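**Student:** Numbering follows my numbering, in which position 62 of the sequence shown is assigned residue number 62; successive positions increment by one, without gaps.
Think of the hints as simulated: they come from the structure by calculation, not from any bench. Please note: incorrect hints may appear among the correct ones.
Here are the computed distance ranges between Cβ atoms for each label pair [what the hints assert, rightly or not]:
no. : residue 1 : residue 2 : range
1   : 237       : 172       : 32 to 42 Å
2   : 44        : 236       : 47 to 57 Å
3   : 148       : 31        : 36 to 46 Å
4   : 302       : 73        : 36 to 46 Å
5   : 31        : 197       : 43 to 53 Å
6   : 270       : 236       : 16 to 26 Å
7   : 8         : 149       : 35 to 45 Å
8   : 149       : 31        : 25 to 35 Å
9   : 259       : 207       : 15 to 25 Å
10  : 271       : 64        : 43 to 53 Å
11  : 76        : 300       : 19 to 29 Å
12  : 199       : 271       : 12 to 22 Å
13  : 302       : 97        : 42 to 52 Å
14  : 61        : 148       : 17 to 27 Å
Note that this is a predicted model, so its numbers are computed, not measured. Ideal Cβ placement from N, Cα and C applies to all residues, glycine included.
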Amino acid sequence: MTQDPLQLWGGAECTVNRVGSRVFDQSRLTGHDERLDDLDRFASLGLRKLRVAILWERIETSPGLYDWRAADPMMARLQALDIEPIVGLIHHGSGPFWTDLTQPSFATGLAAHAARVAERYPWVVDWTPVNEPLTTARFACLYGLWHPHLSDEAAFWTALLTQVEATTLAMTAIRRVVPHARLIQTEDHGRTYATPPCEDQARFENERRLMTWDLLCGRVTASHPLHGHLASLGLQDRLTALSDQPTPPDVIGLNHYVTSDRFLDHCLPRYPPALHGGNGRIAYADTEAVRAVADWTPGWVRDLTLLHQR
1 MTQDPLQLWG GAECTVNRVG SRVFDQSRLT GHDERLDDLD RFASLGLRKL
51 RVAILWERIE TSPGLYDWRA ADPMMARLQA LDIEPIVGLI HHGSGPFWTD
101 LTQPSFATGL AAHAARVAER YPWVVDWTPV NEPLTTARFA CLYGLWHPHL
151 SDEAAFWTAL LTQVEATTLA MTAIRRVVPH ARLIQTEDHG RTYATPPCED
201 QARFENERRL MTWDLLCGRV TASHPLHGHL ASLGLQDRLT ALSDQPTPPD
251 VIGLNHYVTS DRFLDHCLPR YPPALHGGNG RIAYADTEAV RAVADWTPGW
301 VRDLTLLHQR
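Whole structure, please, built from the sequences with the hints as guidance.
**Tutor:** Take a look at the structure:
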């Protein structure tokens, strides 16, 4: 079998997230929205594909009212430049103001948005309905930093399942218009390390980090390490529905940042109080491995090999 040549893909940071009553739109804050010729600069780098945002919050500004003024010229320019877009529909957001990550209306509403976008741009093949669902669920419903500002495990898992369900419904809607549409699913794949007293928690988090892909692939059945835990939270029916109708990604996007790898340390006095936490059984500090371990280097080859084998 002949392998496709290595390709250069790219994307501008396009997060739209809400903190309290404020919405932070990176495309507007950076001025990217006002510079259509940014696309020409990307093309000059030899990019074959570009992640672009046609985000639900930005298009459906009020229920039933749609604003395509930024999206239409962007998509037309990409066609002219022969760059294939990877269209994102939610990027660390929680949808328009009338829904959020814990509401069933998030999944059905995103599917309706996906259908509208596919009908408007039926030539688009590659889609990321929800960017980094698990990461978004962590920041919004486990750490409480983003809307809806919840801080409990049940809310975290609810938010993750809702986003995965939204992805499944969105891809179904898109494929009614574009039967050969591909799901390009992104997620942070940082690994958690720990001092010996915290190793059980690190093992749990290293299973948890893969749950976006495991849920989409229908792998969270009775034999999955976290199935019993989620079932105990009352999520069995939703797990069954996802395993009965899997939506496996066509391409897996592994995102890794300097601060992706975490380190759990039971020696709390070493760290400022803001980093102190725990799991109800043991207290620990949760910090970036690169800050806590001397001469830290990510285990890229080992980690990618383990993920490929999985």
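**Student:** List in ascending order the numbers of the hints, as given earlier, that are violated by the structure.
**Tutor:** 1, 3, 6 and 11
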